[in-house]
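Chemist: Listed in order, the protein sequences are those of chains A and B. Be aware that the first sequence starts at 1, since it is given in my numbering, and climbs by one per residue. Be aware that the second sequence starts at 1, since it is given in my numbering, and climbs by one per residue.
One or more of the hints may lead you astray.
Said to hold, decoys possible - Below, computed lysine-lysine pairings styled on DSSO-like, alpha-carbon distance capped at 27 angstroms: (1) B/36 <-> A/40; (2) A/36 <-> A/22; (3) A/40 <-> B/70; (4) A/41 <-> A/19.
What the hints assert, rightly or not - Stretch-level coverage of chain A by chain B, calculated; a stretch enters the list once three of its residues show a Cβ under 8 angstroms from a Cβ in chain B: (5) 68 to 76; (6) 102 to 110.
Just so you know, these hints were derived from the structure itself, not from any lab. These numbers were taken from a predicted model, which means no experiment stands behind them. Just so you know, even glycine gets a beta-carbon here, dropped at the ideal spot from N, CA and C.
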Amino acid sequence: DTEVTQTPKHLVMGMTNKKSLKCEQHMGHRAMYWYKQKAKKPPELMFVYSYEKLSINESVPSRFSPECPNSSLLNLHLHALQPEDSALYLCASSQDTTGYNEQFFGPGTRLTVL
Amino acid sequence: GQQVMQIPQYQHVQEGEDFTTYCNSSTTLSNIQWYKQRPGGHPVFLIQLVKSGEVKKQKRLTFQFGEAKKNSSLHITATQTTDVGTYFCAGDFGNEKLTFGTGTRLTIIP
């Protein structure tokens with residue numbers, strides 16, 4: 001199984017809502033990533049988890065809160081988002097974070113903040 | 001900071017013509033990866049280049065890594081409609097993450 005799954009596919013939320021994005025992989029990968037992608041732009045790294053511990057936070061605003069409950073799951077909790085946070089949120093995983101491993105991306109969650 | 005630039009930003013080619021995208025880094029890379037993202041899709045890994053001057057081929061796709069490990073290219077011979085998408089290079093600067101290039105969007109004119 002070389003698939004990364006993400007739920008939901010689409011999400012519309014108001015600025016006062018709290019929601020969560022979910023990501024799952026069963027490849028035994030020990031590195032998991034959250035990226036944000038705006039239209040016609042490259043994926044922009046937000047967070048890296050290595051062996052279930054947060055190893056990189058790319059100065060992401062605290063309204064985004066990542067969580068890694070176990071080695072297969074990655075969540076992104078959203079609270080008090082702004083309209084400019086509307087984007088495609090991609091989850092990815094790789095064997096580890098050494099950089100010599102390909103990253104497997106999920107299909108993404110398309111988020112709209114009203 | 002560490003940046004990875006790609007040119008061109010957009011490329012429209014007649015089906016059957018060749019296509020090349022170039023990737024340039026501000027500093028030396030440990031390795032470079034290439035990804036393809038179809039319209040409405042997600043990035044999919046194509047290949048990784050590690051050695052200075054390395055050349056790898058996948059059917060009609062040829063990938064090169066520069067001698068100084070600061071640039072790379074992807075060349076597609078005789079494009080087909082299935083080649084449509086955005087091609088990203090992604091550089092590893094040895095800091096446990098990939099830095100994606102700005103991408104080249106390829107459209108094919110049938």
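Chemist: Could you run down the list of hints and mark each one as holding or not?
Modeler: How the hints compare with the structure:
1. B/36 <-> A/40: Roughly 13 angstroms separates the two Cα atoms, so the pair holds.
2. A/36 <-> A/22: holds (14 angstroms)
3. A/40 <-> B/70: holds (24 angstroms)
4. A/41 <-> A/19: holds (24 angstroms)
5. 68 to 76: With 0 residues in contact (Cβ-Cβ under 8 angstroms with chain B), the coverage given for the segment 68 to 76 of chain A is violated.
6. 102 to 110: holds (count 7)
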